[in-house]
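Student: Residue numbers (this note's numbering): 1 to 464.
It should be emphasised that the hints constitute simulated quantities derived from the structure, not laboratory data.
Be aware that a few hints might be false.
[What the hints assert, rightly or not] Restricting the straight-line Cα-Cα distance to at most 20 Å, the calculated cross-link-like pairs of lysine to aspartate or glutamate (DMTMM-like) are:
#1 Lys117 / Asp194
#2 Lys353 / Asp194
#3 Lys353 / Glu372
[As the list claims (entries may be wrong)] Taking CB as the label site, the calculated pair distances span:
#4 Asn13 / Pro303: 33 to 41 Å
#5 Glu312 / Ala142: 51 to 59 Å
#6 Asn415 / Asp192: 52 to 60 Å
#7 Gly61 / Arg257: 47 to 55 Å
#8 Pro185 / Ala217: 17 to 25 Å
#9 Thr5 / Pro360: 19 to 27 Å
#10 Ala217 / Ala440: 40 to 48 Å
#11 Ile220 / Pro360: 38 to 46 Å
Since the model is a prediction, treat every value here as computed from it, not as a measurement.
From the three backbone atoms N, C-alpha and C, an ideal C-beta is built for every residue, glycine too.
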Amino acid sequence: MFDITPDDINQLNDIDLRGLVGRLCEAELVSRGLSPAAVTWGGNQTAADGGLDVRVGLPPGMSIEGFVPRLSTGFQVKTPDMPRGAILAEMRPVGAIRPVIQELADEAGAYIIVSSKGSTADSALRNRRDALREALAGVTNADQLHTDFYDRTRLATWVRRYPGLITWVRERVGRALVGWRPYGPWSGAAEDVDSEYLFDDKLRLHLGKHRDSHAQAVAIAIDELRDELTQPGMIVRLVGLSGVGKTRLVQALFDARIGSRPLPPSLAVYTNLSDNPDPQPTGLASDLIANGTRAVLVVDNCPQELHCQLSELCRGETSTVSVLTVEYDVRDDQPEGTEVVTLDTSSPELIEKLVHRRYPHLSQVDARTIAEFSGGNARIAIALAETVERSESIARLSNEGLFQRLFRQRHDHDNALLLAAQACSLVYSFQCEALTGEEAELSRLATIAGQAVPDIYHHVGELL
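Make the full structure from the sequences, and use the hints.
Tutor: What follows is the structure, given as structure tokens:
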């Protein structure tokens with residue numbers, strides 16, 4: 001279900017293959033508490049690159065082993081197969097050893113050739129390793145240079161250590177798991193994963209089962225959340241009103257620029273339940289645990305019933321999975337064995353900064369007006385800012401005028417839609433799928449709005 005095969009590696013193009021090896025090296029370092037900044041890669045895959053596509057350069061005194069065997073390790077990444085003749089030509093293109101390989105030898109480092117097309121049995125792997133050593137004949141310090149050859153099978157084995165990279169590879173080769181995504185801009189496509197996470201000193205995070213628990217600033221609390229999720233079998237539930245930035249906060253947990261103990265992005269596997277993931281979260285969690293794969297499972301828009309199922313499944317002593325669920329639910333009756341975190345609204349100053357970044361054409365006065373009207377809700381602020389043309393100002397509009405602009409979203413006035421929205425806003429949440437039966441709640445809201453059930457169902461769909 002949740003796996004990578006050698007054939008998947010075989011289908012990667014040269015750019016994605018190099019990116020995969022770079023990400024694997026970063027993940028390997030992060031898993032050992034080392035900085036991924038020691039990994040460098042880039043440039044054109046087929047260009048003259050000095051003989052290395054990915055390089056790891058750790059300072060003396062560090063400890064490393066496994067797929068990255070030395071502090072100074074260079075990877076030459078190739079999509080074609082690399083038999084003996086190709087290896088010799090790669091390492092000695094004009095009859096002399098490449099200078100970068102000599103550097104690695106002088107540093108007692110490692111030189112590894114990666115090939116995604118070849119699949120080497122024992123004898124073929126031995127021949128390729130022998131070719132690597134043959135190319136080093138007469139090279140100074142050759143005896144202290146570690147060499148190896150990674151074929152597509154060994155690369156697939158390496159990828160299986162990191163579920164986030166399993167998801168990444170499957171996306172690249174057209175075998176994506178429906179609704180499941182690796183670390184990325186989960187909060188929306190408007191900003192990429194490298195966009196700065198905005199936060200201030202406002203006490204916004206409540207860590208505990210009740211909303212009146214001690215509140216902390218995001219900058220302080222974020223590492224406490226990470227410490228929880230670092231441990232396999234730990235369950236965290238992040239709750240708060242829609243639009244306050246819950247998903248963006250989850251994304252920040254994996255951002256090394258914030259705090260001091262970021263979660264490894266390579267362990268992140270994310271889904272939004274509204275995307276109808278296949279497999280379902282409980283099935284994927286079971287598969288990860290059965291395979292002994294360490295993962296941080298993130299389930300957005302997760303109802304409490306599913307949260308309890310995941311908690312029961314992943315809290316066992318043999319679990320390799322920690323779970324973070326996200327939902328608008330702010331009730332006090334939270335499940336046992338769960339660290340509950342409540343996120344409050346943002347300060348007006350923070351919302352103003354966000355609006356300025358997303359919509360630089362807005363004046364400072366308009367950005368402040370939007371921030372104050374939004375009540376600290378980023379989603380409302382962004383929706384209102386979307387309605388402002390470059391040549392206009394909303395600073396003089398009343399609250400009623402701002403509301404009408406927000407509600408209409410550049411459409412004509414629809415009184416029936418407004419009545420439906422007013423009725424729905426009277427309750428905290430409601431079941432909007434069933435139209436008949438004991439679970440149906442739209443019929444009651446339809447009565448309040450003075451509308452037929454099919455009509456209010458249509459309006460709710462438009463509002464969502």
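Student: Please go over all the hints and tell whether each is borne out by the structure.
Tutor: Checked hints:
Between the alpha carbons of Lys117 and Asp194 the distance comes to roughly 32 Å, so the proposed pair goes past 20 Å and is violated. Using a Cα cut-off of 20 Å, the hinted pair Lys353 and Asp194 holds, with the two alpha carbons roughly 17 Å apart. Our distance criterion of 20 Å between C-alpha atoms is met by Lys353 and Glu372, whose separation comes to about 12 Å. Taken as a hint, the range 33 to 41 Å holds for the pair Asn13 and Pro303, whose Cβ atoms sit roughly 40 Å apart.
Judged by the Cβ atoms, the range 51 to 59 Å given for Glu312 and Ala142 holds: they are separated by roughly 56 Å. In this structure the supplied range 52 to 60 Å is violated for Asn415 paired with Asp192, their Cβ-Cβ distance being about 40 Å. Under the hint 47 to 55 Å, the C-beta atoms of Gly61 and Arg257, about 25 Å apart, miss the expected range. Between Pro185 and Ala217 the beta carbon distance is about 24 Å. The supplied range of 17 to 25 Å therefore holds.
Separated by about 46 Å at the C-beta atoms, Thr5 and Pro360 break the suggested range of 19 to 27 Å. The hinted window of 40 to 48 Å between Ala217 and Ala440 holds, with their beta carbons roughly 43 Å apart. The supplied range of 38 to 46 Å is broken by Ile220 and Pro360, whose beta-carbon atoms lie about 30 Å from each other.
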